[in-house]
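Enquirer: From first to last, the protein sequence lines are chains S and A. Counting from 801, one number per residue, gives the positions in the first sequence under our numbering. Counting from 1265, one number per residue, gives the positions in the second sequence under our numbering.
If you are wondering where the hints come from, they were derived from the structure by calculation, not from laboratory data. Where hints are given, some of them may not hold.
Stretches of chain S that chain A covers, calculated by requiring three or more beta carbons in the stretch to come under 8 Å of a beta carbon on chain A [to be verified]:
1) 829-837
2) 922-931
Label-pair restraints from in silico Cβ distances [stated by the list, open to error]:
3) GLY1310/A to ASP989/S: 51 to 59 Å
4) ASP921/S to ASP1579/A: 34 to 42 Å
5) LEU1432/A to GLU1043/S: 27 to 35 Å
We put the CB at the ideal spot given by N, CA and C, even for glycine.
The lines below spell out each chain.
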Amino acid sequence: MQRVSTRRELMAGGALAALALAPPARVRALIEEVARGRLAGGGGRFLSAVELGTLRAATARLLPGPPEDPGPGALQVHAAEAIDLMLGALDLDPPLIHAGGPFSGRAGGSRDDFAHFVPLDAQAQLGWRIRLEGSRGLPEREFAGPVVGRQEVYRSGLARLDRLSRRQTGRGFAQAPGDVQDRLLGSRDAIVARFVQAAVADGLQALCGPPEYGGNHDLAGWRGLGWRGDAEPDGYTPAQVSEPDPPTGIVADVRPAATRTSSGPGTSTAPPAATAVPLDSAFADPARRRVLAQVAPLLLRGRRGRALGTGVRTGAP
Amino acid sequence: MSRPSIVIVGSGAGGSVAAWELARSGHPVLVLEKGRNLLPGLGGRGPVGTLFSNDEVKAQRFFEDQDPILEPRTLRTVPEARRGVARSFIGDVNDLPTVVGGGTIHWDAKVPRLWQQDFKGLSLLGPIPGANVADWPLAYEDLEPFYEEVEAQLGVQGDLSQMPSFTLAQAPRRRQFEMPPNPPMYAGRRLAEAAQQLGYHPYPYPMAVNSRPRDGRPACNSCGFCSGFGCPIHARGGAAISFLHEAIRAGAQLQSRCFVHRIDLGRGGRRAVGVSYLDEAGAEHRVRADFVVLAASAIETARLLLLSAGPHHRDGLGNRSGMVGRNLMFHYFSVGAGVFAERAHSWRGPATTFTLDDFVGPVYGSPARAAGLPYLKGGCCEVGGGTLLLEEANLYAGAGLRGAALTGALRSLALRDHITGIQLNAEDMPQLSNRVDLDPRIRDFRGFPVPRITHSQHRFELAAAAYFAPLIQQICQTAAPTAETQLIGRALAGAAGGHAGSYHTAHIMGTARMGDDPRSSVADPFGRLHEVPNVVLADASVFVSSAGFNPTLTIMALALRAAREIGR
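Given these sequences and hints, build the entire structure.
Expert: This is the structure:
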């Protein structure tokens, strides 16, 4: 039984039922309450209904699925709901910041350790409070200068998008035509730009990250991208390491967790999909070839320490 | 207990090895670590657990990494410093994990030895204009037994029979590796074959990874989440799992979330009597010890020496030479990249399985003369690395892709399946102007001045990169002779970003170099501060040169040597 930790949760109605669930089912239930509009006012756990609608629309343009792109996009993986959950992560106990380990049950093992989030100690909690809530002028948070929190980045960005849209089209951002939405998202406005940067980064975590964080709904992100995800404790055979993958790849390895374990966010009845395009067309598109040239200078900036990447710098100038 | 008591600052590569040595020989040992312990059961009777996993999101959320919001560092270039700019950046400046186990908690465990010439740069190769080249006060032969001992405890895989004779001439080994190499990663194997075709000498990368079950830990199964991720099955050795675990079982005490902010001195300032630290709740403590071992990593060790300034050490503890904080080195990374038509999955495996030493140098002649240098040096190469899914996505986002261009690239370009690379870990020169000092204004969340890094590359590194990078790219082009490799090669050649990473290399050395002369060095050949000999440096702060090799094995060997000297 999880502890209800804030007034916000007590007010959140349906959330109480979700909090009573075992950890593997819990995040899924929290997300679905939001996805299905079951919370009071149809809003999110942190964002209001209008904000959540704007965020859904914005992430759907930034990370589109069908029809713009045949693969999975923000809507299919529940990116907006996952971002909402992240923004309010500290309202739950343990906070939904760091999934547990070592195994998820998707690649062997019998349980989903990921779903048992790791508690933050006081120091880690302070860091995440500042990151999410901002420094708010508090001396104990401004030892290295003021910090604009993630919540404020989203709140102000969503409000700015909505206001710009109403001024230009008479309708809210979520109701504006796609080309108008794209133009607004590409605006040089600093509030919009920092929102877009955050929404892309957080949206990609929802598209490409483990489902325990609330995104990658039904593993749609990994299935659509031909990605197995976490591989322990089964790992790979020497042949899988030393020989190239067949053109259809290892997508079929992503089995619904239900076939191996009793429950978990990966539980799904959907069959594995293999949507990888034929290899000879992968680089045929000139636009895609241009991308290669664009990413080349960034190859040292992936995750720190990997052979092709040495770290994303964080922090303010 | 009559043996001298020891307090060790930091539980990473140096601190854990020192604790292992000293606790087993009966010293009372206390290890103070400012990070959390994410290995439940460490030091207990049962198996060691872990909270690490194949989770790219957690890895981006400062699970084990220092949180730059709480503990930022600041940065400026040398020209900025000359213009009086106090700092031009606040945040993550080559941060290492801040956690029990230190940087080795998510290293890829590559453990090359330094070469004989790396210890005697000044006398064998000569000075470099504008750099502070010096000989180490010890030779390869002094360190060799400690390399062996550390390797035996870590468990190292490799294959002596495949190592080139020039490597073995410079870094002689007495015996075959304990374990055979991991299954070769496909992309790395293709690159190694191409390198061989071009006349180079690739070989299996020595690494502290189990290729067979050992000491109750399983063999690596090539999950692919290696460098930058804690090992979920403990197939990879490291400071915590290979050393600290046994140290605690032998009686060492580990206290996590304890931040040491001062080394306390006795009257006269010639001996340390212990350290002052804050615990997790912010409460101030003092602990007394006969010896203080500093192993907080080069930047933090220099910071602590500077924070410990006092009446007898006005410019920082042991800093009469003015060398504390100076000669900071990061290595200089260059990459080549190839794009295979087939699905080469270069991320799958223990980061990389091949290395080559053909670009270590020195290289004399026109490439060096053109840069006004007597010689060039590079370093070892990590052959065949790749990128995971979220990393790939961040590449596209970082290049400014949005919308269908971004999701389309992830779905159909799928670089994670096709791209691979070679990274050159090149030696960078020690320079007096590359240094750590205390930022005059910025504080961490506890209220202590943060380390300020002042750093610019020497033309030595830039000239070496200009010379070696095309050779690396040629290997990639030979292995993956596609139009896409050509395209990416042209883009790399035209982009300074192809040779970047000074602040993100995770190889941090210098700041308190060892030497025989107290006027030009901070510590003696056993890591003891010249001015306060019961303070012992046991991390990469004592490195005199950076050499072109991953530094951790050498940190461990130096720490073992220093700890054994304490126990004598």
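Enquirer: Take the hints in turn and mark each one as holding or not.
Expert: Each hint tested on the structure:
| no. | hint | in the structure |
| --- | --- | --- |
| 1 | 829-837 | violated (count 0) |
| 2 | 922-931 | holds (count 7) |
| 3 | GLY1310/A to ASP989/S: 51 to 59 Å | holds, 57 Å |
| 4 | ASP921/S to ASP1579/A: 34 to 42 Å | holds, 36 Å |
| 5 | LEU1432/A to GLU1043/S: 27 to 35 Å | holds, 31 Å |
The structure fails hint 1 only (numbered hints given earlier).
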